[in-house]
Amino acid sequence: MNWYGIRAIYRFEMARTARTLMQSVASPVVSTSLYFVVFGSAIGSRITSVEGVSYAAFIIPGLVMLSLLMQSVSNASFGIYFPKFVGTIYEVHSAPLSFLEIVLGYVGAAATKAIMVGLIILATARIFVDYSIAHPLVMVAFLLLTTVTFSLLGFIIGIWADNFEKLQVVPLMVITPLTFLGGSFYSIHMLPPFWQKVTLFNPVVYLISGFRWSFYNLADVGVGISLAATLGFLALCLVVVWWIFRTGYRLKV
Numbered sequence: 099m100n101w102y103g104i105r106a107i108y109r110f111e112m113a114r115t116a117r118t119l120m121q122s123v124a125s126p127v128v129s130t131s132l133y134f135v136v137f138g139s140a141i142g143s144r145i146t147s148v149e150g151v152s153y154a155a156f157i158i159p160g161l162v163m164l165s166l167l168m169q170s171v172s173n174a175s176f177g178i179y180f181p182k183f184v185g186t187i188y189e190v191h192s193a194p195l196s197f198l199e200i201v202l203g204y205v206g207a208a209a210t211k212a213i214m215v216g217l218i219i220l221a222t223a224r225i226f227v228d229y230s231i232a233h234p235l236v237m238v239a240f241l242l243l244t245t246v247t248f249s250l251l252g253f254i255i256g257i258w259a260d261n262f263e264k265l266q267v268v269p270l271m272v273i274t275p276l277t278f279l280g281g282s283f284y285s286i287h288m289l290p291p292f293w294q295k296v297t298l299f300n301p302v303v304y305l306i307s308g309f310r311w312s313f314y315n316l317a318d319v320g321v322g323i324s325l326a327a328t329l330g331f332l333a334l335c336l337v338v339v340w341w342i343f344r345t346g347y348r349l350k351v
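Numbering (our numbering), first residue to last: 99 to 351.
Just so you know, the hints here were simulated from the structure itself, not pulled from any lab data.
Treat the hints with care, since some could be wrong.
The calculated label-pair distances, taken between Cβ atoms and stated as ranges, are [as the list claims (entries may be wrong)]:
id, residue 1, residue 2, range
1, A193, S147, 50 to 60 Å
2, L289, Y188, 42 to 52 Å
3, V127, W293, 43 to 53 Å
As the structure is a prediction and not an experimental result, all values here were calculated from the model.
Don't be surprised by glycine CBs; every beta carbon is placed ideally from N, CA and C.
All chains should be built: construct the whole structure from the sequences, respecting the hints.
Structure below.
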């Protein structure tokens, strides 16, 4: 394992974050704070509680998950797309790095940045509402699995995209709607029976449900099912990434 190469990619990506703190950290934190103000204060004053938890506290896991998904995908997709765009991807190819080492460098940096933002948002949430974490280890497990999984998805998107428009299509047109419809701001048990069943086809439901369970012991689906669904999605992303490097799909564009 070429740890020097992995560290070089990782440090380069993390240094880029340090140069763009306003975009990488401040922007998602401010955006999420606005969600707390609008949903937690304005709407929360009209919705006293959801399954025994105050509405402002209930939406915290959903807001953190929304930020994690978007940051993981955007960081990883841009991280691998930009070298393709400027032509420096050939430097990565010429280095003595295997596909596993390249993935570890880019995905590791994207996941680290997303986790940092998620933890900052959790700390910021304390300003607006008091909350508790019933199962810290489970929370950390879902945090890591989610960021790694969606960083891999972002890596796949960055390789697939051949322009900046395609780079934004999946995060804006797929991931954001699925997150909003996946129980970020409500329990799916509040929906009519038919739509409850339809919502179960949304993979983000299982991520948010498992993550919320780690906070309040509340879940729309069983935590075991949520964990299995997350691991299944992670395995699928790993298979796709392996196929990309096996076939060389768009790696040298």
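Is 50 to 60 Å respected by the C-beta to C-beta distance linking A193 and S147? Given about 55 Å between the Cβ atoms, the range holds.
Using the beta carbons of L289 and Y188, state whether their distance is inside 42 to 52 Å or not. 50 Å, holds
Distance restraint evaluation - V127, W293, Cβ atoms, bounds 43 to 53 Å: 32 Å, violated
The structure does not agree with numbered hint 3 stated previously, though it agrees with all others.
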